[in-house]
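Residues per chain, in single letters:
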Amino acid sequence: MLNLIIEMKTPIEYYIWLSTVLFSIGVLGVLFRRNAIIIFACIELMLNAVNLLMVAFSSYLNDATGQVFVFFIMAVAAAEVAVGLAILVMMYRNTKSVDINILNRLKG
Amino acid sequence: MTLYLFYFLSFLAIFSALLVVFSKNPVYSVLYLIITFFAIAGHYILLNAQFLAVVHVIVYAGAIMVLFLYVIMLLNLNQESEPHKQTLIKIAAVASSGLLLTVLVGSLRGATQVVTKTGGAEIGLVKNLGQVLFNEFLFPFEISSILLLAAMVGVVMVGKDEEHAKPDN
Numbered sequence: 001m002l003n004l005i006i007e008m009k010t011p012i013e014y015y016i017w018l019s020t021v022l023f024s025i026g027v028l029g030v031l032f033r034r035n036a037i038i039i040f041a042c043i044e045l046m047l048n049a050v051n052l053l054m055v056a057f058s059s060y061l062n063d064a065t066g067q068v069f070v071f072f073i074m075a076v077a078a079a080e081v082a083v084g085l086a087i088l089v090m091m092y093r094n095t096k097s098v099d100i101n102i103l104n105r106l107k108g
Numbered sequence: 001m002t003l004y005l006f007y008f009l010s011f012l013a014i015f016s017a018l019l020v021v022f023s024k025n026p027v028y029s030v031l032y033l034i035i036t037f038f039a040i041a042g043h044y045i046l047l048n049a050q051f052l053a054v055v056h057v058i059v060y061a062g063a064i065m066v067l068f069l070y071v072i073m074l075l076n077l078n079q080e081s082e083p084h085k086q087t088l089i090k091i092a093a094v095a096s097s098g099l100l101l102t103v104l105v106g107s108l109r110g111a112t113q114v115v116t117k118t119g120g121a122e123i124g125l126v127k128n129l130g131q132v133l134f135n136e137f138l139f140p141f142e143i144s145s146i147l148l149l150a151a152m153v154g155v156v157m158v159g160k161d162e163e164h165a166k167p168d169n
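Just so you know, the protein sequences line up as chains A and B, in that order.
Heads up, the first sequence is in the working numbering, so the first residue is 1 and it goes up one at a time.
Heads up, the second sequence is in the working numbering, so the first residue is 1 and it goes up one at a time.
Everything labelled a hint here was simulated from the structure, so no lab data went into it.
Nothing here was measured: the structure is a model prediction, and the numbers come from that model.
Be aware that a few hints might be false.
What the hints assert, rightly or not - Here are the simulated lysine-lysine pairs, DSBU-like style, with alpha carbons at most 30 angstroms apart: (1) A/96 <-> B/160; (2) B/24 <-> A/96; (3) A/96 <-> B/127; (4) B/127 <-> B/24.
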């Protein structure tokens, strides 16, 4: 079992830059697209960027708390995606579209 | 060797994340997102978080992405019918996310002084994570089960087709 352990030589800064870039791509997707499903996918991308950074710090600091937090974030993300996609299906049933510009009728 | 693997997985993750944003067809976007998730799972293995890598593949690539694909197929959205935003809004989106990236890089540069301890590299295995999860985090674990139950009930309530459900009563 112990030969699964990989020696870490990558500096932690590299993981910070990778997570920052992935998070920014997620923000770009949320601002750039109009399809609500793609916006959900980009939110998942942002959550994963944060998860990756948390696992990186957890491994480099030898503290398992970060990995347990990632576990909880995965549970919350699964619940969020299920509820969000159900809302999307309901919205499509009423408006025959998943364009977020239709949703501005909520604005009073 | 580890560094080359890191570069390869990072390139794969960033490239397919960009393709998620810029591909026209929603099905292709979701498939590229699966590639991104597998690259992130590879990063978890490189970071000695083997249990989380397996859970990540099962939960994200196995469950969440199947949910996305099901919804796209059910709503019959697998064509390039999305009306595009105006060019000004697109430029504003690219500029603002680029500015966010600049601000984050600028504020994080040189801010890390992490001491890497050696020896305890097996914290990512399921034995140690289970010890922590069921001792320190037992109560949040139970709470998250209630959250999943509530989400399931909510999805069934929201997704119910009321017009077709009424004649049954």
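Now for the hints, and whether the structure bears them out:
1. Distance restraint check for residue 96 of chain A and residue 160 of chain B: the Cα-Cα separation of roughly 16 angstroms lies within the 30 angstroms cut-off, and the hinted pair is therefore satisfied.
2. A hinted pair counts as satisfied when its Cα atoms are at most 30 angstroms apart, and residue 24 of chain B with residue 96 of chain A qualifies at roughly 19 angstroms.
3. Restraint check: the Cα-Cα separation between residue 96 of chain A and residue 127 of chain B comes to about 49 angstroms, which exceeds 30 angstroms; the hinted pair is violated.
4. Between residue 127 of chain B and residue 24 of chain B, the direct Cα distance comes to roughly 44 angstroms. Violation of the 30 angstroms bound is thereby established for this hinted pair.
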